[in-house]
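*Asks:* Here is how the chains run, residue by residue.
Number of protein chains: 2
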Amino acid sequence: MSPKMTTELLKQLRQVMKSPKYVQEPVQAYIVPSGDAHQSEYIAPCDCRRAFISGFDGSAGTAIVTEQHAAMWTDGRYFLQAAHQMDNNWTLMKMGLKDTPTQEDWLVSVLPEGSKVGVDPFIIPADQWKRMSKALRNAGHDLVPVKENLIDTIWTDCPQRPCKPLITLDLSYTGVSWRDKIVALRAKMAERKVLWFVVTALDEVAWLFNLRGSDVEYNPVFFAYAVIGMNTIRLFIDGDRMMDPAVREHLQLDSTLEPEFKIQVMPYGSILSELQAVGAGLSPKEKVWLSDKASYALTEAIPKAYRYLTPYTPICIAKAVKNASETEGMRRAHIKDAVALCELFNWLDKEVPKGTVTEIIAADKAEEFRSQQKDFVELSFATISSTGPNGAIIHYKPVPETNRTLSVNEIYLLDSGAQYKDGTTDVTRTMHFGTPSPYEKECFTYVLKGHIAVSAAIFPNGTKGHLLDSFARSALWDCGLDYLHGTGHGVGSFLNVHEGPCGISYKTFADEPLEAGMIVSDEPGYYEDGSFGIRIENVVLVVPAETKYNFKNRGSLTFEPLTLVPIQTKMIDVNLLTQKECNWVNDYHQKCREVIGAELERQGRHEALRWLIRETEPLIRV
Amino acid sequence: MSPKMTTELLKQLRQVMKSPKYVQEPVQAYIVPSGDAHQSEYIAPCDCRRAFISGFDGSAGTAIVTEQHAAMWTDGRYFLQAAHQMDNNWTLMKMGLKDTPTQEDWLVSVLPEGSKVGVDPFIIPADQWKRMSKALRNAGHDLVPVKENLIDTIWTDCPQRPCKPLITLDLSYTGVSWRDKIVALRAKMAERKVLWFVVTALDEVAWLFNLRGSDVEYNPVFFAYAVIGMNTIRLFIDGDRMMDPAVREHLQLDSTLEPEFKIQVMPYGSILSELQAVGAGLSPKEKVWLSDKASYALTEAIPKAYRYLTPYTPICIAKAVKNASETEGMRRAHIKDAVALCELFNWLDKEVPKGTVTEIIAADKAEEFRSQQKDFVELSFATISSTGPNGAIIHYKPVPETNRTLSVNEIYLLDSGAQYKDGTTDVTRTMHFGTPSPYEKECFTYVLKGHIAVSAAIFPNGTKGHLLDSFARSALWDCGLDYLHGTGHGVGSFLNVHEGPCGISYKTFADEPLEAGMIVSDEPGYYEDGSFGIRIENVVLVVPAETKYNFKNRGSLTFEPLTLVPIQTKMIDVNLLTQKECNWVNDYHQKCREVIGAELERQGRHEALRWLIRETEPLIRV
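For the record, the sequence lines run as chains P and W.
1 is the number of the first residue of the first sequence in the UniProt record's numbering; add one for each residue after it.
1 is the number of the first residue of the second sequence in the UniProt record's numbering; add one for each residue after it.
Since the hints were derived computationally from the structure, they do not count as laboratory data.
As the structure is a computational prediction, the values presented were derived from the model and not from experiment.
Using N, Cα and C, we set each Cβ at its ideal position, and we do this for glycine too.
Example chain P residues on the side facing chain W (calculated, C-beta under 7 Å, incomplete): (1) 480; (2) 506; (3) 551.
Model the full structure from these sequences, guided by the hints.
*Replies:* Rendered as structure tokens:
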């Protein structure tokens with residue numbers, strides 16, 4: 001990787017920062033955040049403005065350019081990558097290190113008195129604006145919205161915003177029609193006494209209308225906003241996608257409908273002016289509901305007294321609880337995904353000893369097997385295919401420069417998943433194709449004990465996921481080990497592989513309680529820099545648990561694994577397991593045999609079936 | 001209990017709410033919070049204003065009186081008590097129930113437009129003021145500070161503010177002189193670039209100057225404030241306590257000292273004007289450090305731009321980490337406390353079958369045995385002595401109306417502790433003096449498993465206590481059981497039995513990481529309404545743990561029990577314990593025998609020693 005040459009670009013940016021064509025008054029600093037106007041985790045190429053100006057293309061980072069300086073804030077995952085990708089114009093601000101200033105403190109230290117700091121109000125979330133604006137104001141500066149994105153003004157070959165065809169999902173996939181979702185949403189709005197709800201997150205728009213797209217890689221979403229009133233539905237979307245007869249039929253655009261279900265289709269770019277019109281027409285006590293992470297621009301469109309902001313929207317919460325159709329779809333998707341992985345691991349078992357399989361080849365092969373399955377759409381994230389020391393890089397993605405050959409001497413970690421029309425998968429298995437060392441087995445077994453501790457946990461209704469995080473670490477902690485990431489995230493149903501509002505992490509205290517029907521990942525790990533990485537990840541469904549007693553009639557919950565891929569028994573030191581843990585592994589493998597075995601049989605994949613049978617032999621504790 | 005008649009009092013209060021003698025403009029509502037001017041958990045009789053106006057004397061509650069209404073907000077612990085103690089003038093607002101309005105919402109719903117809501121600015125913490133003021137302002141009302149406390153104006157027989165003699169603690173107790181504490185505090189101030197630090201919490205003043213008092217029951221503190229500058233020390237304290245030669249000597253009031261260690265003694269009541277003078281004399285960038293829970297009055301004395309507010313003060317954090325002298329003192333205190341409890345339980349074993357021991361008698365007897373120990377000062381909280389159904393009332397305190405006789409048919413729960421000059425204790429044991437039922441043993445054993453899971457937990461340096469809370473519940477959760485309180489709180493060293501900034505609770509996310517030297521309680525429980533209560537509580541010291549590996553060189557921690565009182569083996573269903581848990585109990589009891597046995601021997605308490613030997617027979621798993 002050679003760094004991007006940014007001298008010329010920075011010069012251009014500094015010019016537009018002073019140009020009356022774009023700014024009312026010159027701005028002495030300009031902030032370039034990571035996100036798009038929907039605060040998406042994965043963004044389209046046209047939104048990769050921070051990567052364009054700096055060269056650094058990791059998933060998290062904020063650039064700030066002043067007249068003299070250019071600085072990039074990113075976290076520990078990306079220190080090396082950012083240092084490689086950026087030229088000498090840039091100062092790397094290593095977040096999480098003690099001496100690294102916050103963006104606000106740094107700005108205050110370098111800016112001349114009474115400076116203006118510009119930012120695109122569509123890209124910065126309202127809560128971040130508030131924090132930064134306050135800090136700057138306290139130091140005598142001003143945070144100002146710059147309507148035209150200044151990067152876009154200098155990005156001459158900026159790719160077009162994607163506008164790909166839509167997929168309509170019928171009731172057999174979604175379980176609930178978009179009309180019924182609107183009815184349920186309006187009931188929530190009535191409960192909170194709000195008249196309008198603004199849908200800003202892309203996966204929320206997609207879920208609400210039972211539509212999917214492919215505007216963003218890995219996430220089956222499309223660029224759109226929606227504004228839902230008690231009697232109106234406005235969908236802000238561009239392109240000729242609304243000309244597709246299937247979409248028109250699905251949204252009943254040409255039917256005679258009750259007015260409250262009539263969808264008004266409007267241009268994507270008109271959201272701000274429409275919302276301003278809504279804001280201007282409000283009477284006292286009429287409220288508009290927005291996510292507190294919505295952009296500053298849209299939040300400001302509604303006068304402060306009329307805003308009703310929550311960290312999680314009713315759609316986010318409803319979307320997290322999967323109904324019977326979605327759960328069945330997720331089960332089907334995970335069965336197909338397991339078939340593909342049985343094929344892959346069987347193939348790796350044969351091919352790795354030949355020394356011809358690289359990380360990239362293995363990742364491609366995984367995609368090939370997945371793509372053979374019914375309703376496969378695309379991958380759900382960039383495959384982490386890593387062997388030996390690369391496994392210790394938690395967010396590793398093989399590229400030619402780092403591509404390593406799998407061997408019988410190193411641990412191989414594969415974290416991968418796919419989008420099927422009936423569900424989203426995300427699974428990590430850690431394999432050894434030779435003979436693991438006792439130390440590697442020991443570490444693997446601690447991670448497995450943590451995985452089981454979460455998966456088998458029984459906990460009261462109303463428990464938040466972060467309360468389960470320590471269960472995943474306890475066996476590692478006992479030996480002085482740990483891992484530096486959370487234990488689990490919510491998973492969408494043919495939607496984003498990471499979704500709120502629930503998760504299992506020591507960091508997440510704003511998570512919503514776990515409920516039956518929610519789906520999360522369970523993925524503890526252990527990483528030894530320069531040596532190996534271990535992670536065992538299943539996607540699990542929250543289900544009611546039977547318990548001997550029932551305190552305060554609260555009821556209890558537990559998890560059912562949706563992922564049904566063998567956990568390599570060769571890596572397990574069975575003497576470190578309790579009998580209960582040993583039984584868990586054997587029961588899990590029995591289920592893999594039954595469910596995945598039947599599907600392999602049905603698909604005529606006999607060699608992979610034999611691999612599955614071999615890999616699911618019961619453990620015996622001596 | 002008959003309710004307090006408050007018609008006349010409320011009439012008087014409503015008069016002063018309109019009287020120009022006390023308020024600039026009439027206030028339409030007056031808030032009476034629970035606390036004192038130091039935001040203490042335990043308060044002196046003169047500060048029990050909410051109890052005076054309403055009759056309700058539970059530890060938590062806020063009264064609001066308007067021209068037409070009088071309402072009391074309290075939580076589930078006190079619904080019954082508040083209903084009994086208040087007359088028909090009062091509406092009980094049951095906090096935690098879905099339909100109960102917040103104070104702000106209720107005020108907005110009952111007040112005429114543009115109302116003024118008064119509150120004593122010394123009693124309301126700044127963070128609460130901010131929240132309430134904003135909510136009221138949004139609805140067109142004003143929260144206003146009323147300088148003279150309106151309850152005090154009508155409380156004709158209000159007791160005097162206590163002003164009891166001080167105790168000086170020498171280095172053998174404190175380990176660090178007050179001068180060295182000032183030096184360390186000033187170093188923290190320099191680090192944060194603040195020029196002044198305002199000490200508002202009573203236990204922080206006491207700790208800083210190595211002084212103790214007895215102005216508040218159970219808490220060895222005295223009414224005072226302190227303001228520490230880089231070159232000045234001001235102590236705001238009333239009475240002739242500074243005339244005591246021991247105190248003068250201790251504080252070196254009559255010595256020739258470097259000016260930066262010279263203590264200026266000032267009247268308690270002059271804190272506000274002195275602080276305002278400090279505030280008025282500040283130059284830009286000069287900051288004053290206050291707790292964000294300090295009173296609104298003192299916070300407002302410093303102009304906003306000069307305030308540096310933190311949830312935990314440097315004194316709070318330093319005080320939590322006990323040094324070698326304090327730790328040794330805590331050990332000694334816990335040995336003496338265990339001797340007293342061995343005497344008590346031996347006595348109960350003999351007396352309970354006679355049917356003459358009530359909860360009050362047992363509590364008094366516990367105090368009697370404790371008071372025989374060296375350096376005993378007072379109890380550290382009101383003894384919870386409860387048998388049968390009373391045990392299920394978590395904050396029970398026996399009174400004649402509820403006093404129950406201990407018997408061989410019911411579980412007895414004793415939660416008690418004391419202040420010794422060398423340390424503070426807090427211990428709960430649950431005993432059966434006959435034959436417990438299998439169900440009672442089952443529940444007790446789950447609680448014990450939770451207690452052990454926390455006590456034996458190994459966790460990385462930097463872990464916050466709330467991450468350990470679920471360990472205490474796991475065995476109960478597995479059977480559908482739980483308890484509705486936190487698992488542990490910080491414990492002072494001859495100071496408050498509850499102190500920040502650490503704890504073990506599913507609720508506490510603002511806790512500071514656990515560090516070696518911190519002392520917390522470990523007290524899971526199980527409560528069955530109308531039947532029994534179980535709790536097993538030890539005070540434990542955070543100590544470094546030896547582990548096989550040492551990830552990222554972080555080091556590990558675990559707990560060492562300071563409390564050494566037998567856990568009744570009769571209550572344990574040994575078949576529900578793992579071998580590891582069984583070993584923990586046996587090792588713990590072995591230590592009780594050795595340490596407490598030696599002290600009982602030394603004190604010539606032979607009968608109690610025989611009881612201890614009997615009660616610490618090793619468990620055997622079959």
